[in-house]
Each structure stands twice: as C-alpha cells, then as structure tokens.
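Order-wise, the sequence lines are chains F and C. Quick note: the first sequence uses this note's numbering, first residue 1, plus one each step. Quick note: the second sequence uses this note's numbering, first residue 1, plus one each step.
Treat the hints as calculated values from the structure; they're not laboratory data. Note that the structure is predicted; figures quoted are calculated from it, not measured. All C-beta atoms, glycine included, are put in the ideal place defined by N, C-alpha and C. Be a bit skeptical, because a hint or two may be false.
The following label-pair restraints were derived from C-beta to C-beta distances [what the hints assert, rightly or not]: (1) 10/C / 1/F: 31 to 39 Å; (2) 68/F / 23/C: 16 to 24 Å; (3) 5/F / 60/C: 30 to 38 Å; (4) 1/F / 227/C: 56 to 64 Å; (5) 241/C / 16/F: 47 to 55 Å; (6) 60/C / 29/F: 17 to 25 Å; (7) 145/C / 15/F: 39 to 47 Å; (8) 241/C / 76/F: 47 to 55 Å; (9) 190/C / 12/F: 33 to 41 Å.
Listed below are several chain C residues computed to face chain F (Cβ distance under 10 Å; list not exhaustive) [what the hints assert, rightly or not]: (10) 6; (11) 46; (12) 75; (13) 95; (14) 98; (15) 99; (16) 130; (17) 175.
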Amino acid sequence: MTQVSMTVNGESVSGDVEDRTLLVEFLRETLELTGTHVGCDTSQCGACVVHVDGKAVKSCTIFAAEAEGAEVQTIEGEAAPDGTLSTLQQAFQDNHGLQCGFCTPGMVMSAKALLAENPKPTEAEIRAYLSGNLCRCTGYHNIVKAIMAASGQDVSSIAAE
Amino acid sequence: MYELNITRPETLADAVEALGHDEAMALGGGQTLIPTLKQRLANPETLVSLTGIAELSGISRDGDMLIIGGTTTHAEVASGATDYPALAALAGGIGDPAVRNRGTIGGSLANDDPAACYPAAVLASGATIVTNTREIAADDFFEGMFTTALHDGEIITAVRFPIPQKANYQKFDQPASRFALVGVFVAQTADGVRVAVTGASEEGVFRWTDAEAALSADFSPTAVDGLNVSADNLIGDLHGTPEYRAHLVKVMTKRAVAASG
Numbered sequence: 001m002t003q004v005s006m007t008v009n010g011e012s013v014s015g016d017v018e019d020r021t022l023l024v025e026f027l028r029e030t031l032e033l034t035g036t037h038v039g040c041d042t043s044q045c046g047a048c049v050v051h052v053d054g055k056a057v058k059s060c061t062i063f064a065a066e067a068e069g070a071e072v073q074t075i076e077g078e079a080a081p082d083g084t085l086s087t088l089q090q091a092f093q094d095n096h097g098l099q100c101g102f103c104t105p106g107m108v109m110s111a112k113a114l115l116a117e118n119p120k121p122t123e124a125e126i127r128a129y130l131s132g133n134l135c136r137c138t139g140y141h142n143i144v145k146a147i148m149a150a151s152g153q154d155v156s157s158i159a160a161e
Numbered sequence: 001m002y003e004l005n006i007t008r009p010e011t012l013a014d015a016v017e018a019l020g021h022d023e024a025m026a027l028g029g030g031q032t033l034i035p036t037l038k039q040r041l042a043n044p045e046t047l048v049s050l051t052g053i054a055e056l057s058g059i060s061r062d063g064d065m066l067i068i069g070g071t072t073t074h075a076e077v078a079s080g081a082t083d084y085p086a087l088a089a090l091a092g093g094i095g096d097p098a099v100r101n102r103g104t105i106g107g108s109l110a111n112d113d114p115a116a117c118y119p120a121a122v123l124a125s126g127a128t129i130v131t132n133t134r135e136i137a138a139d140d141f142f143e144g145m146f147t148t149a150l151h152d153g154e155i156i157t158a159v160r161f162p163i164p165q166k167a168n169y170q171k172f173d174q175p176a177s178r179f180a181l182v183g184v185f186v187a188q189t190a191d192g193v194r195v196a197v198t199g200a201s202e203e204g205v206f207r208w209t210d211a212e213a214a215l216s217a218d219f220s221p222t223a224v225d226g227l228n229v230s231a232d233n234l235i236g237d238l239h240g241t242p243e244y245r246a247h248l249v250k251v252m253t254k255r256a257v258a259a260s261g
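Okay, chain F solo, but in the shape it has when bound (with noise of 0.2 Å):
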C-alpha cells in the first residue's frame, strides 16, 4: 500500500491504495468519482480522459502513484457548484453534442485541453484532436460542432448532414 496525495478539482485528496492502482480507479472508487468513465480500458477510446497538471492524458493508463503530488481535473470540475454548465457542456448540450453520454466526459475533458492550447480550431484540428476519443453514436459531428461553437465560431458552415 501506498499513501497518494493529489489535488483534485481543486480540492486535496489522498488515500492509501495498492501500488497497481490506476488513477481512473483512484478517482471512481476511492473518491467515487465516476464522471470519469472507463470504456475499452486499453487507452484506445479516451472515455477517461482527465487533465494531469493541465494536460490531458488518460487514466486507464497512468497510476494513481504517478500523480502524487498532481493538480488532476476531471469532468466534476467543468460545472459550477450551483450546477450551471461550462460553456463547452452547455454547447454540448445545445448542438446535441452526445447520445448515450458515455465518451462525453472523455470528449469534453479532450476539447477543454484542445481550446487551452488553441483558442480557435479548424474543424480540421478538432477532428485530428479527438483522434484518441471514441463515439460510437454521433458519428462526430455534433462534437465537432460544439466544440467550434464553444470557441465563438460561427457554425452555421459546418453540413447539417
């Protein structure tokens, strides 16, 4: 067993887990976090895409162990306490961005590292961004949208099909 301390969420945390634990299980069970979802738990689909000191990696495939120490944001973090949406989950929400829901906290963690890092993305970008998110359901594009409307771009250009 090992003690880890992080920051989640702005929040400390720690607790004493086994070495093998990953940090997708320190945040769903330990903290019982379970915004962050696993999918295919072969860092393939990015369902459990969280930001480790900013950047976004996915935590299927990182232990809880290496990010002792870590500032950790997930998907819990986006909206405000009184539950009013983040501007990207509310353009989600507004360009039926999600189905089933099960890739969006992933997609919504990966497009929050995109626009930090490139304010106003081409659809082009966006696409090669997701490159490591997986949806099953909305073939892309209403992601695609939200995410450029969630930027201030004008997505009236973008095919409705």
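Go by the hints and put chain C onto chain F.
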C-alpha cells in the same frame, strides 16, 4: 491490473539501484507498458518509474546536435524540438494528444515496436542513444522486433541527434492503432543521405541502402524510380500484404524527399 510494486526514484543512481533487483522493470510514460501489463504480456514484480527524475527530461542544443532527455514526452518534442522540424513533426504525429502527453522517447526506443515512429528518426539521423553506462550508435541499437542492444536494467538517459541539412518523415497511418503501416524517414547530411523504414519489416526498423545511394547522388523523388523493394521478410497482416508494404516504402520515400525542407 495484477499486484505489483511501484517505486518513484528522484535520481538516476536510485533508479539504477532499484532496477538491479530481479523482476524489476523501468516504467517510462507507460503508454505501451501499462496496456501490456494488463494483458499479462509482461509481469514484473516492481516497476521503477523514471518520470520523477528531473535530470532525464528536457531538450537542449550542443553545437550541431539536438539532445533529448530519455523521459521527454512526445508532446514536449513536438513543441520543443524547433531546431529539428522533421523530428518535431514526427513526435506530433505519434498516437493521439493524450498519449503524446505521457509517452516518452526513451520508452519508445527501449520497447522498439516494429511500427513505432521514433526508431525511424533515430536510425535515419544516425543518432546516438546515451544510457547510464555507455553510448550506442543507432546502427548498433536496433536488433529486431522488440529487441535492442540494451542490457537488463540499463536506462536510456538521452538521445543525441545530429541535425541534418534536410529531413522529412512520411507516415502512412494504420488508422485504428495510429502506428505506422509504413513510415519512412529521410535525412540528408554532409556525409550523404540515410533512409530508415519502420512498420514494414518483420525484423523491425531498417535502412533502405539502395535508396540512400541513389538519393546521395541525386536528392530528388525520381531518383528512386528505378529501384525495387523486396517483399521478403516484410510484414503481412489483415491491414496489408508484404507486397503492399513494399510498394508503400517507395511511395513514402518519394513523398519524404519531395517534402524535405
């Protein structure tokens, strides 16, 4: 994940000592190793995480060499290797953004996946792999699929890249894995041209010496027109036959020469 121990040394000396024990294995960014452990394709008792060792990370310039620390991530190379744009572009095309934020150059080279991108850059550049005990020339480092000259417990501390006059990497993506179905790195230096091919061979990354000779005489895409790539020992799987990969080697080489800046 099966039960294991993780140590996080903060100095190279402590990491070397920890790796001296049986059943210990180095953990870089873990983007290949952690999925491998989940599948029980490797099962070390102890993982020695190298990413907490500050001296192993970073990019620096020494004369005409670019030196990249062993635990430098693909994302850091993509944004920081501005003195070697072809290398930066290669790093920016590995995996996906989240993988690039964790995966390391040392981890990629030590693993030596036959379809990984970095081995092509290292071999075409004639780079030197620096470990905690010695320096290994690229031509002596890669020994076949998932096999390198590294000894047990040896740690890649840095990679020294001579910066070429012109270089480019062209990758034909396998879109599901985002590894190279075939990738070709072309580098032109004062000593001639080197061409390294990844993704194609059962024996891992290799130099296409016929193309090197042709391109050293005439650095243009048409210089390789008369050459043929043998399909012998090339990889055949559901994504492509050996003959298809042989064809791609030539096409990617021509594209790399055309795009070399």
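Close enough to count: is the Cβ of residue 46/C nearer than 10 Å to one in chain F?
This interface hint holds because 9 Å falls under the 10 Å limit.
Could you check the hint for me, namely that residue 145/C and residue 15/F are 39 to 47 Å apart, CB to CB?
40 Å, holds
Should the hint that residue 130/C touches chain F count as held when the rule is a Cβ pair under 10 Å?
24 Å, violated
Range agreement (Cβ of residue 12/F with Cβ of residue 190/C, hint 33 to 41 Å):
56 Å, violated
Report holds or violated for the interface hint on residue 95/C, using the least CB-CB distance to chain F and a cut-off of 10 Å.
Because about 7 Å separates residue 95/C from the closest Cβ in chain F, which is inside the 10 Å limit, the hint holds.
For the restraint on residue 75/C, tell me whether the closest CB of chain F is nearer than 10 Å.
7 Å, holds
Distance restraint hint 47 to 55 Å, applied to the beta-carbon atoms of residue 241/C and residue 16/F
53 Å, holds
With 17 to 25 Å as the target window, see if residue 60/C and residue 29/F comply at their CB atoms.
This hint is violated: roughly 41 Å between Cβ atoms.
Regarding the hint that residue 175/C lies at the interface with chain F, is the smallest CB-CB distance below 10 Å?
9 Å, holds
Taking 16 to 24 Å as the stated bounds, is the beta-carbon spacing between residue 68/F and residue 23/C within them?
Given range 16 to 24 Å: holds, Cβ gap about 23 Å.
Can residue 98/C be said to touch chain F, with a Cβ gap under 10 Å?
Constraint on residue 98/C satisfied, holds at 5 Å.
Could you see if the CB distance from residue 5/F to residue 60/C stays within 30 to 38 Å?
The hinted range 30 to 38 Å holds for residue 5/F and residue 60/C, with Cβ atoms some 32 Å apart.
Going through the hint list in order, the structure does not satisfy hints 1, 6, 9, 16.
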